[in-house]
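Construct the entire structure; sequences and hints are all you get.
So the protein sequences, as listed, match chains V and Z. The first sequence begins at 1 in our numbering and counts up by one. The second sequence begins at 1 in our numbering and counts up by one.
Check before you lean on any hint, since a few could be wrong.
Here are the simulated SDA-like pairs of lysine to any residue, each with C-alpha atoms no more than 25 Å apart in a straight line [as the list claims (entries may be wrong)]: (1) Lys318/V with His38/Z; (2) Lys64/Z with Gln380/V; (3) Lys5/Z with Arg269/V; (4) Lys6/Z with Arg33/Z; (5) Lys113/V with Gln45/V; (6) Lys298/V with Leu36/Z; (7) Lys113/V with Arg233/V; (8) Lys104/Z with Gly214/Z; (9) Lys64/Z with Thr271/V; (10) Lys298/V with Gly164/V; (11) Lys298/V with Gln380/V; (12) Lys5/Z with Phe122/Z; (13) Lys5/Z with Thr69/Z; (14) Lys318/V with Lys107/Z; (15) Lys318/V with Asp34/Z; (16) Lys143/Z with Pro392/Z; (17) Lys143/Z with Thr73/Z; (18) Lys6/Z with Tyr204/V; (19) Lys288/Z with Gln45/V; (20) Lys64/Z with Glu277/V; (21) Lys107/Z with Pro72/Z; (22) Lys143/Z with Leu371/Z; (23) Lys318/V with Thr393/Z; (24) Lys143/Z with Phe122/Z; (25) Lys64/Z with Asp242/V; (26) Lys6/Z with Lys298/V; (27) Lys342/Z with Gln387/Z; (28) Lys6/Z with Arg152/Z; (29) Lys64/Z with Pro273/V; (30) Lys6/Z with Arg269/V; (31) Lys318/V with Leu36/Z; (32) Lys64/Z with Gln45/V; (33) Lys104/Z with Asp225/Z; (34) Lys64/Z with Gly30/Z; (35) Lys64/Z with Ala398/V; (36) Lys5/Z with Thr271/V; (37) Lys12/V with Pro180/V.
Calculated directly from the structure, the hints in this document are not laboratory data.
Residues per chain are reported as follows:
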Amino acid sequence: MTQTAVHRSPGKRPRVAGLISEYRRYSHGQNIIDRLMGGYGWESQWHYPELDVVSLYVDQFPENDLSREREQRHPDLHIYPTIAEALSLGGSELAVDGVVLIAEHGDYPLNDKGQMLYPRYDFFQQTVDVFRASGRSVPVFCDKHLSYNFDWARQMVDTAQELGFPFMAGSSLPVARRVPSIDLPLGSEAEEIVGIGVGNIDSYDIHALEAMQCLAERRRGGETGVKSVRGLRGDSVWQAMDEGAWDPALFEACLCRSLSLKPADETHRHTYPTRQELPGLVERPPVAYQIQYNDGLKATMFLLPGLAQDITAAVRIKNQPEPFSVLFYLGAGHHMQPNFFNPLSHHIENLICKGETPFPIERTLLTTGTAIAGIDSLHQGEQLINTPHLDISYQVEASTFRRT
Amino acid sequence: MADRKKLAIITTFWDWRSHANHMGERFLVGYPRDGLWHHPDFDIVGAFVDQRDGDDDLSSHRAKEFGFTVYPTIAAALRLGTDQLAVDAVLLIAEHGDYPSNEKGQKLYPRFEFFSQIVDVFRQDGRCVPVFNDKHLSYSFDKARQMVAMARELDFPLLSGSSLPVTFRMPPITLEGHVDEALMIGVGGSDAMDYHALEAMQSMVERRQGGETGVRAVQLIEGADVWRAGEDGRWSRRLLEGALARSDSRSGIALTDGRPQDLAHSDELEELVEDPSAYLIEYVDGLKATLLMLNGAVQDYTFAARCDGEVRSLQFLLPGAPNVVYSACLMQKAEEMFDSGKAPYPAERTMLVCGMLERCLESKITDHQRLETPELILSYQPPETPQFVGAPTGP
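Encoded structure:
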């Protein structure tokens, strides 16, 4: 990937604009911007990022909005009524050194496929309009997937490349801590991957897919793209399981890395669920996306809400008796602070201060497209969706999850 | 297929919340281990349950389902009704149940008494098998010392202790260099949870340069004295920051409006903590270690130490129900000992921590005085390689 130098005056702390859909307690906007402003636990100390969040554009102000309280708390922070003004700090041209775009949470319409129409593309377009008009660009972070529309996602990546600014996007999972603290060895001959997550399509599928993809991309030859995706829901999932559609050892490995596997036993014995017990433990109809990669790698992502509360993945490696498996650590219990945002915030700081992206944006482009194809397949009665548009290749080297 | 080995479970109380379930039943139904559901090559064949009259008792159900017998005495459970020791290993789990407490607030679980009865059988029958003893050896250091002495005399493998030293660490670190100061943060009641926290701390400092030298004095202080001791430098605010930086707890402002809080440097900490206490431990080699029990502020167990001049810290991973995975980590260690005949780490660690806790609680009821502890000046050899689950292997 090409990266440009970071544009800012020497010796000055970078100034950051936050473009936020909704800023309330525990929304992604609150979690990330508050960490950038007030710091967070990192390594063995409280870390204050070396940047200043100076402006916010907030799209929706629900009753429990906290952005106005934050504006009062931080004298250098101002909320502007438009994205252009937030980026130009009320002036006539780009006046910040980095943009943090978080359009997750808030009240937005759903389309007939069940996708929430978060305005990520709109926010991005308005951002690059300012870049173009100002004749310069700065690093941009986009939270979660790029868009619900793949053409727009592709356009966002192309625009970033055209204008030459560092662009980072995606879920917090790939950079989160892992239990155990391991990565798939680079160059592994991966034959099949299974990931198990929680939640619903369009909100949590992307998290599980990103977790799987940050392992998949380390296989021999690097990433080659996705050939087809098929979504399954409800009984189709259990039927495919009975037909041997995926390696059962990988499914078991995922559940054995879970920290919250629900036992079927009424007397709370810590048992592994039998095939017969599984459907009763999943609280809503299960979902699976069957993913065929261009180089022959096969992957299956599950959303099995209720069976466990965490996200795990397992990889079958050629000629190795036991699968590689790992848990992506999001905290152990609902009472925990969502500190998986700490490593994400750390990478955002590096992006803005140093112009560093921890992984190629193509990862998020691919997972964005895979999630959309899975949702399309479910919408079309579980039809196989061929995905020539996901012919996306890229290479990674460094392992960038939180190890320390 | 190799013959399956026979295991006896000797316990105080067996309901779904008890260690008998969380620990012992892993040998009935297996447990997650290295990404597989592991089924130990053991059958629980005999059990003794001290208190089984309650409605929640599960031992009768389990005995019926898995085909083992609950015997009226410990000796009968080990001999399976014959006149000779008839099992290959013993799981001693005397945690939970209705037992009196002493004036120090220690629950008088009959671990020593159960252990002595097990050893009586070993002596009478002229044969010993490995014993796992859950949590501390005894509320009494004197009894704990006798238990370890009996194991050494009869030369049988003894593993003992909390699950905290063997659960996953975030990050997975050990301290091998010069450690001059350490601080552990724990929560929960005494003497249940302070024990876990002290043993977690001990498992971190025992690998320090120079090896374990033992403890020369302890003191337990409470309330405002805890904060005052921090101001006086008796424990380090820098290490408090280091440990809290590893906490994932949500309290105070973080709970009301989501903002993460630098509790180590705000007044909020003192407001949040109800009844703080500090367990101040002075080691023979000069190491100063402190356990802070911070109920109200945090809900997890974290640690920091200055090692070779650098602050290093971690969280001990204790995921709650369902599945309480840390107990599976501990049973993995018990099973390793049952299989190999060698304890993965020495019972002397647990013995030393029994002594630290007993003497700290003695300090608590004697006007929070500093107490010299000549009986705790002892050394032991930590395991050659770290024994926690998820410890890095290889380069």
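Q | Restraint check for Lys107/Z with Pro72/Z, where alpha carbons must lie at most 25 Å apart | A | 23 Å, holds
(Q) Run the distance test for Lys64/Z versus Gln45/V: straight-line Cα separation, threshold 25 Å. (A) 53 Å, violated
Q: Assess, step by step, whether the Cα of Lys298/V is no farther than 25 Å from the Cα of Gln380/V, and give holds or violated.
A: Since the Cα atoms of Lys298/V and Gln380/V sit roughly 22 Å apart, the hinted pair holds (cutoff 25 Å).
Q.
Holds or violated: Lys288/Z and Gln45/V, Cα atoms, limit 25 Å.
A. 20 Å, holds
Q: Could you grab the alpha-carbon distance between Lys6/Z and Arg269/V and see if it respects the 25 Å cut-off?
A: 21 Å, holds
Q. Is the hinted pair Lys318/V and Thr393/Z satisfied, with a Cα-Cα distance of at most 25 Å?
A. 21 Å, holds
Q) Given the proposed pairing of Lys342/Z with Gln387/Z, does the C-alpha separation stay at or below 25 Å? A) Judged against 25 Å, a Cα distance of about 13 Å means the pair holds.
(Q) Tell me if the straight-line CA distance from Lys318/V to Lys107/Z falls inside 25 Å. (A) 53 Å, violated
Q | Pair hint Lys64/Z and Thr271/V, alpha-carbon separation not exceeding 25 Å | A | 17 Å, holds
(Q) Would the hint linking Lys143/Z and Thr73/Z be met if the CA-CA limit is 25 Å? (A) Holds - the C-alpha atoms of Thr73/Z and Lys143/Z are around 21 Å apart, at most 25 Å.
Q) Does Thr69/Z lie within 25 Å of Lys5/Z when you go C-alpha to C-alpha? A) With Cα atoms ~16 Å apart, Lys5/Z and Thr69/Z stay inside 25 Å; holds.
Q: Sort out whether Lys298/V lies within 25 Å of Lys6/Z, counting only the CA atoms.
A: 43 Å, violated
When held up to the earlier numbered hints, the structure conflicts with 2, 5, 10, 14, 16, 18, 25, 26, 32, 35, 37 and fits the remainder.
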